[in-house]
Structures are given as structure tokens and as C-alpha cells.
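S.K.: Take a look at the letters that make up each chain.
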Amino acid sequence: IAGITQAPTSQILAAGRRMTLRCTQDMRHNAMYWYRQDLGLGLRLIHYSNTAGTTGKGEVPDGYSVSRANTDDFPLTLASAVPSQTSVYFCASSDEAGLGTDTQYFGPGTRLTVL
Amino acid sequence: RKEVEQDPGPFNVPEGATVAFNCTYSNSASQSFFWYRQDCRKEPKLLMSVYSSGNEDGRFTAQLNRASQYISLLIRDSKLSDSATYLCVVNIDRGSTLGRLYFGRGTQLTVWP
Numbered sequence: 012i013a014g015i016t017q018a019p020t021s022q023i024l025a026a027g028r029r030m031t032l033r034c035t036q037d038m039r040h041n042a043m044y045w046y047r048q049d050l051g052l053g054l055r056l057i058h059y060s061n062t063a064g065t066t067g068k069g070e071v072p073d074g075y076s077v078s079r080a081n082t083d084d085f086p087l088t089l090a091s092a093v094p095s096q097t098s099v100y101f102c103a104s105s106d107e108a109g110l111g112t113d114t115q116y117f118g119p120g121t122r123l124t125v126l
Numbered sequence: 835r836k837e838v839e840q841d842p843g844p845f846n847v848p849e850g851a852t853v854a855f856n857c858t859y860s861n862s863a864s865q866s867f868f869w870y871r872q873d874c875r876k877e878p879k880l881l882m883s884v885y886s887s888g889n890e891d892g893r894f895t896a897q898l899n900r901a902s903q904y905i906s907l908l909i910r911d912s913k914l915s916d917s918a919t920y921l922c923v924v925n926i927d928r929g930s931t932l933g934r935l936y937f938g939r940g941t942q943l944t945v946w947p
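Residue numbers (this note's numbering), protein chains in the order written: chain A, 12 to 126; chain B, 835 to 947.
Read the hints as simulated data drawn from the structure, not as lab findings.
None of the values given here were measured: they were computed from a predicted structure.
Possibly wrong hints are sitting among the right ones.
[As the list claims (entries may be wrong)] Looking from chain B toward chain A, a few residues come up when the C-beta cut is under 7 Å (computed):
hint : residue
1    : 877
2    : 878
3    : 880
4    : 937
5    : 939
Every residue, glycine too, gets a C-beta built ideally from N, C-alpha and C.
I would like the entire structure built from these sequences, with the hints used as guidance.
M.R.: Okay, structure coming up:
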């Protein structure tokens with residue numbers, strides 16, 4: 012693994028189903044983030060984690076949950092998917108404790124379609 | 835009002851042209867400024883940070899005007915490979931330990947031969 016990986020690459024999901032998007036980084040970065048990117052709206056922060064064991068809500072957290080059991084992994088869970096959660100999801104990490112001043116490195120994204 | 839506003843374009847320019855993108859931000863507490871580049875169906879990647887004194891990286895020049903809350907990116911001698919979406923990004927300190935990055939919607943650039 013080099014950098015940040017996300018899985019799956021893409022997924023079509025029935026509404027009401029539970030789904031976990033996986034994110035793993037091997038850079039030992041403290042901070043990790045989940046964004047969604049929608050046409051015309053840009054990137055919006057869903058949840059973040061300053062360090063292992065802590066998480067926080069971003070701009071659009073409703074319908075999503077995260078956990079940060081260790082430094083490397085930051086999964087995003089949709090408990091009961093709805094069509095409005097159709098989007099491209101990007102995971103990112105940075106070396107500082109979420110101060111936003113350091114470079115954020117992004118994973119390749121997961122394209123999720125909820126029908 | 836969005837924290838970061840960009841002209842979405844698209845900008846269509848010939849190879850060799852000079853093109854400039856502008857971005858405004860609404861929060862005077864903004865601390866750090868960046869331009870990211872995003873290729874079609876790919877992840878965003880940092881292009882350059884923007885410093886108060888202005889900075890240059892090869893054909894790319896970024897400038898910041900704090901008084902006007904305005905950021906710019908100038909690309910000289912455009913290449914076909916410059917075709918991408920350019921995201922203006924601002925870090926805003928909310929007074930907590932976490933500063934957040936706010937992304938503009940992006941400006942689309944197409945360079946044609």
C-alpha cells in the first residue's frame with residue numbers, strides 16, 4: 012500500500028441497505044477526513060478525525076457515521092442508504108492534528124449510487 | 835453565502851495562452867490558502883500553497899490579497915496537460931483546535947491544441 016486506498020471503487024446500492032466505505036492510509040498521518048463531492052457543490056466535509064480514538068462532525072454528517080480505532084483506518088458507514096447519498100466519496104489524510112494547514116492527500120474515491 | 839466562491843468556467847484556451855482564475859473567500863479568519871488540481875474522475879491533488887507575498891512554481895503563479903479576500907492563480911504558456919478542474923481551498927480557524935479546509939466548486943480549464 013502506498014498513500015491512501017479506498018474500497019470499493021464503485022458500488023450500486025439499494026435504498027435502505029447498510030454500507031461501509033473503507034479507507035486506509037500507510038503514511039501514519041494523524042488526521043483523516045471524509046468528503047463527498049457532488050456536481051455543482053464541490054467537496055463537502057462529512058466527518059473528520061484528528062487522531063486515533065477521536066472523531067468529529069463536518070458540514071454534512073447526517074446519515075453517516077465513522078470510527079477511528081487505529082491510525083491507519085477510517086471507515087465511513089451509511090446505516091440506511093438514501094438516494095440523496097449518491098455521490099463520489101473521498102477519504103483524505105494529513106500529517107497535522109486537523110489544523111488544516113498541512114497538505115491533505117486524497118484517496119482515489121468511491122462512486123456510490125443509491126437506487 | 836459559500837465560504838469560497840469561484841467562477842466555474844469553463845475556460846477554453848489554446849496551447850501557449852495565459853489564463854487566470856480568481857477566487858474570493860468570505861471569512862476574514864481564513865489562515866491558509868491553496869490551489870488543488872483535480873483531473874476528470876480523479877482525486878484532488880495539491881497544486882500549490884498561496885502565501886501573502888505571492889509565490890511562483892514554474893508556469894504557475896499564485897497571489898493572495900487579504901484586504902480584498904481574493905486569491906488568484908495564473909497559468910502561463912498553457913499545456914494540454916493543464917486541462918483539469920482547479921479548486922480554490924481556504925483554511926478557516928473556528929477558534930477550536932481544528933481548522934477546516936473549505937473547497938470552492940472548482941474552475942474547469944480545457945487547453946486545446
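S.K.: If a hint holds in the structure, say so; if it doesn't, say that too.
M.R.: Now for the hints, and whether the structure bears them out:
no.: 1; hint: 877; in the structure: holds (4 Å)
no.: 2; hint: 878; in the structure: holds (5 Å)
no.: 3; hint: 880; in the structure: holds (5 Å)
no.: 4; hint: 937; in the structure: holds (4 Å)
no.: 5; hint: 939; in the structure: holds (4 Å)
Of the numbered hints listed earlier, not one is contradicted by the structure.
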